Amino acid sequence: MSSAQNMTLNLKIWRQNNNSSEGKLVDYRVENVSPDMSFLEMIDVLNNQLVRKGEDPVAFDHDCREGICGMCSMMINGKAHGGYKNTTTCQVHMRLYKDGDTIVIEPFRAAAFPVVKDLAVDRSAIDKVMAAGGYISANTGNAPDANSILIPKPVAEEAMDAAACIGCGACVASCPNGSGMLFMGAKVSQLALLPQGSVESPKRALNMVYTHDNLGFGNCTTHAECEATCPKGISIEHIARMNREYLKAAFTYHEKKRSEGAG
Amino acid sequence: MSFNLDSKIPSGPLAEKWDKHKFESKRVNPANKRKYTVIVVGTGLAGGSAAATLAELGYNVLSFCIQDSPRRAHSIAAQGGINAAKNYPNDGDSIRNLFYDTIKGGDYRAREANVYRLAQVSNNIIDQMVSQGVPFAREYGGYLDNRSFGGAQVSRTFYARGQTGQQLLLGAYSGMMKMVAKGKIKQFSRREMMDLVVINGKARGIIVRNLITGELERYAADAVLLCTGGYGNVFYLSTNAQASNASASWRCYKRGAGFANPCFTQIHPTCIPVHGDYQSKLTLMSESLRNDGRVWVPKKKNDERRPEDIPEDERDYYLERIYPSFGNLAPRDVSSRQAKFRCDEGHGVGSTKQAVYLDFRDAIKRDGQETIAGRYGNLFEMYERITGENPYKTPMMIYPAVHYTMGGLWVDYNLQSTIPGLHVLGEANFSDHGANRLGASALMQGLADGYFVIPYTLSNYLASSPLEKVTVEDNAFKDAEQAVKLQTSKLLGIKGKIPVSEFHRKLGHYMWDYVGMGRNEAGLKKAIDGIRKLREEFWHDVNVPGETGNFNIELHKATRVADFLELGELMALDALERNESCGGHFREEYQTQDNEAKRDDEQYAHAAVWEYTGQNSSPIRHKEELVFENVKLATRSYK
Ligand SMILES: Cc1cc2nc3c(=O)[nH]c(=O)nc-3n(C[C@H](O)[C@H](O)[C@H](O)COP(=O)(O)OP(=O)(O)OC[C@H]3O[C@@H](n4cnc5c(N)ncnc54)[C@H](O)[C@@H]3O)c2cc1C
Ligand code: SF4
Ligand code: FES
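Going line by line, the protein sequences match chains A and B.
Counting in the numbering used here, the first sequence runs from 15 upward without gaps.
Counting in the numbering used here, the second sequence runs from 8 upward without gaps.
Take the hints with a grain of salt, since some may be wrong.
If we take Cβ atoms under 10 Å as the criterion, some of the chain B residues that face chain A in the derived model are [stated by the list, open to error]: (1) Y95; (2) N97; (3) N131; (4) I133; (5) V141; (6) Y150; (7) K504; (8) S508; (9) W546; (10) H547; (11) N550; (12) I560; (13) V634; (14) N637.
Heads up, simulated DSS-like pairs for lysine-lysine below, C-alpha to C-alpha not over 30 Å straight-line [to be verified]: (15) K532/B / K504/B; (16) K67/A / K497/B; (17) K26/A / K193/B; (18) K193/B / K261/B; (19) K532/B / K67/A; (20) K189/B / K262/A; (21) K142/A / K42/B; (22) K142/A / K513/B; (23) K67/A / K513/B.
In case anyone wonders, no lab produced these hints; they're calculated from the structure.
Predicted model, so just to flag it, every value in this text is computed and none were measured.
Note that CB positions come from ideal geometry on N, CA and C, so glycine has one too.
Next comes chain A alone, as it looks inside the complex (with noise of 0.2 Å):
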């Protein structure tokens, strides 16, 4: 591990004690940060200088500190995770940084995620368009044996590069629209590229893309900047899928809108 000197940082960062109140950035000086620290450890020793002298800690989301919830959640220096190359904010270590550096936090902003308290923000619409659609209705106890599905290899690992979304919200944070094409793609690729999910796909799709709508995500005008930030490397092609899909569905809810004589 490195054998660098700690450094002192100075930090920005957004509080706000509530979804109601104003918020604004504070100033705030960390000592000793170490290289091999995380960045959460580094807020978690100013927490503690905080807390000792009798101050309201920074709210924060986070669990796992390994990459894979998706809980951890700030725009550092205007940011996504940082912005470094497939990482979250909780793999984000001090070795970046520099000694004297200033760092700005913030809570993601999106009109979809409203700000819970300083950096935590409340994400459950990213559950709610899940709800919509995304899952395959198979019901405990009736399914075939594994192998009777056979998925060649390559459709196996597309399915799981899609799969692999922490739904951590990144990419509608970056989106200049505060689209969540992204996220939401790569459920209906996954399913769509799977025989078994295949089945429901146009009207997964439908049913996703409405629900999205309707929570206050934007839509996507394919700037690509969620690909950039995605930690998990999720690809722009997923939601090139599920417009696919959505076409399909929305061609045949059409049709039979028709054929049943509608207006």
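With the hints as your guide, set chain B with the ligands onto chain A.
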């Protein structure tokens, strides 16, 4: 008072018990199911699968979790894989074989009937998860791929890259979301269960804190399922997620649920070593790495050379040397202990000398870097991100870390605790792993409990118990809520000098030093004494700033640490009372000449079940004797 520790193991031959039990169980007819409400606390593999399945069956489910979404439960972090007895590779596996490996792996301290059932339903889990779209690894022909884990000589582990837990949990979560959409599950995130409500001797509800508003909320139901995970974080540093805690189990213990084998802790051999005081967690390097990595230390003590510069004949591949038939895939307890022995003898490496090498040089030479990257790429990346070193070029440094707790609330064959109506699933119960869990078996157990066991045993409970109507206005709810309020205001009122995490870290030192990989009488007594004093200091000098009425992260930590400070003592006491070594419980006084665990089957072939008797009196140790009719108790050997 005495506990009813009737295990309710069905009679009859081992292989027929579960079928017979299912047949004899009472069922709730479909139309009546919607009249019942079930509380499921926790949304990991156990809670997620239970909530989804019970809702599909027609029950009204209330689901709770601490994180901001059920998809983030700690199960998400499981890397390596999940076992099943499919025998797809045709290498001689069977239900009986998985059963046997698990009983032996647990050092003969688990119930035969439970473990057999686990092996039986293991295959259904794989089928179920595939049907839900879990993208397990495949071979070129499109068939599912398997790999090997410790303590087994067959390949029975299914996996999805290094993210098996994530994929399984997202499968269970998707099932939950489907039922949320149908209105059969009401999901409450950012909620923490603070107490269990018991009415007329039955579990009938919970008190939870809304973590955002700080408000206490009451929920009533016909049964409560506790799926709240393990308590490894009592050690402060562990591979568990930050929010993993013991509080839900501990509050139930205080309400009359027996706590079984609290001292049975799993210390995982391959984790990234501790490197600083500020450290908040330890990161696991999946056991699957031992399929290809070779574990070694320099033969010379205090060898300062770079590992690359140490010639072959000056390296001690100690697992291969001591356990030739299992080699680097020796089970976890055994491998961890051997790493500790080597470091204690002065062969440890790295700046702290508390580490051993896990070396991929030979595997890379044999299979090429690309193949190794294909198998473990994401783990290698994770290692490099944390340590700044490249494991393709230089061996990983690893050391054991707390990982899993085999102990937990006591349950019978129906997964019911000593409190009727309180069922405990997943890592939170004590049931299937005895004194040591084999790799890839926790995911299996969590999903077995949730998908395939509880739907039957819960309906039997509901159909055979008279359940009077209760509402959240009952006194039991008011009293429980009042007690939580009192504790909260006490914590906020202390206004001492020391942050909560300081106490937690100190507790962790006691636990690791005296209740960790090696335990002895003097050390355990020291731990008990030290923890008691620490607890007193906590209640005098902790500083929990802020108030109740908002998102107060220090308060959330404080209530959990307050419980850890009590549980830690019980763990030390349990370890002290178990005068034998078995699995992960290694009492230094009881070892063979070659430092292997020495069991005492005469005295200790039982589960120790602790009964709470009040804040100022000692808990009582009860026993559930374990009966072995199908396996012969033998000295566990991996040589
Ligand atoms: C890093 C790591 C890797 C692992 N890898 C493997 C592996 O490869 N194979 C394997 O078989 N096992 C593995 N394990 C073990 C396995 O992951 C766990 O034992 C298992 O996932 C536990 O599942 P669970 O459902 O019992 O609990 P958890 O997944 O821990 O879920 C607990 C749930 O309870 C909730 N909760 C807790 N307390 C409260 C409360 N008071 N109020 C409300 N909600 C509460 C939490 O919010 C969460 O939803 C690994 C463990 C770790 C730490
Ligand atoms: S697509 Fe990427 S950025 Fe978006 S939620 Fe998933 S993991 Fe996070
Ligand atoms: S804390 Fe889990 S991904 Fe960062």
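Results for each hint:
A least Cβ separation of about 7 Å between Y95/B and chain A falls short of the 10 Å threshold, and the interface hint therefore holds. A cut of 10 Å between beta carbons decides the hint on N97/B: the least distance to chain A is about 12 Å, and the hint is violated. Given hint, N131/B at the interface with chain A, holds; its Cβ is 7 Å from that chain's nearest Cβ, closer than 10 Å. This hint holds: I133/B has a C-beta 5 Å from the nearest C-beta of chain A, less than the 10 Å allowed.
Taking 10 Å as the C-beta contact cut-off toward chain A, the hint placing V141/B at the interface holds, the least distance being around 8 Å. Below 10 Å, beta-carbon pairs count as interface contacts, and Y150/B has one with chain A at about 5 Å; its hint therefore holds. Taking 10 Å as the C-beta cut-off, the interface hint given for K504/B holds, the closest approach to chain A being about 7 Å. Checking S508/B against chain A: minimum C-beta separation of about 6 Å stays under 10 Å; hint holds.
Annotation: interface hint on W546/B violated; nearest CB of chain A at approximately 17 Å, more than 10 Å. With 10 Å as the threshold, the beta carbon of H547/B stays out of range of chain A, its nearest partner Cβ sitting at about 16 Å, so the hint is violated. Evaluation of the N550/B hint against chain A yields a held restraint, the C-beta minimum of about 6 Å falling below 10 Å. The closest approach between the C-beta of I560/B and any C-beta of chain A is roughly 5 Å, which is under the 10 Å cut-off, so the hint is satisfied.
A distance limit of 10 Å between C-beta atoms decides the matter here; for V634/B the minimum to chain A is near 31 Å, and the interface restraint is violated. Using the Cβ-Cβ criterion of 10 Å, the hint placing N637/B at the interface with chain A is not satisfied: the shortest such distance is roughly 27 Å. Using a Cα cut-off of 30 Å, the hinted pair K532/B and K504/B holds, with the two alpha carbons roughly 28 Å apart. For the given pair, K67/A sits about 19 Å from K497/B by alpha-carbon distance, which is consistent with the 30 Å threshold.
At most 30 Å may separate the alpha-carbon atoms for a hinted pair to count; K26/A and K193/B exceed this at roughly 39 Å. Restraint check for K193/B and K261/B: the C-alpha separation of about 27 Å stays at or below 30 Å, so the hint holds. Between K532/B and K67/A, the direct Cα distance comes to roughly 35 Å. Violation of the 30 Å bound is thereby established for this hinted pair. Taken as a hint, the K189/B and K262/A pair is honoured in the structure, with Cα atoms around 25 Å apart against an allowance of 30 Å.
For the suggested pair K142/A and K42/B, the alpha carbons sit about 26 Å apart, so the restraint of at most 30 Å is met. Taking the CA atoms of K142/A and K513/B, the gap is about 41 Å. The hint is violated against a cut of 30 Å. Taking the CA atoms of K67/A and K513/B, the gap is about 21 Å. The hint holds against a cut of 30 Å.
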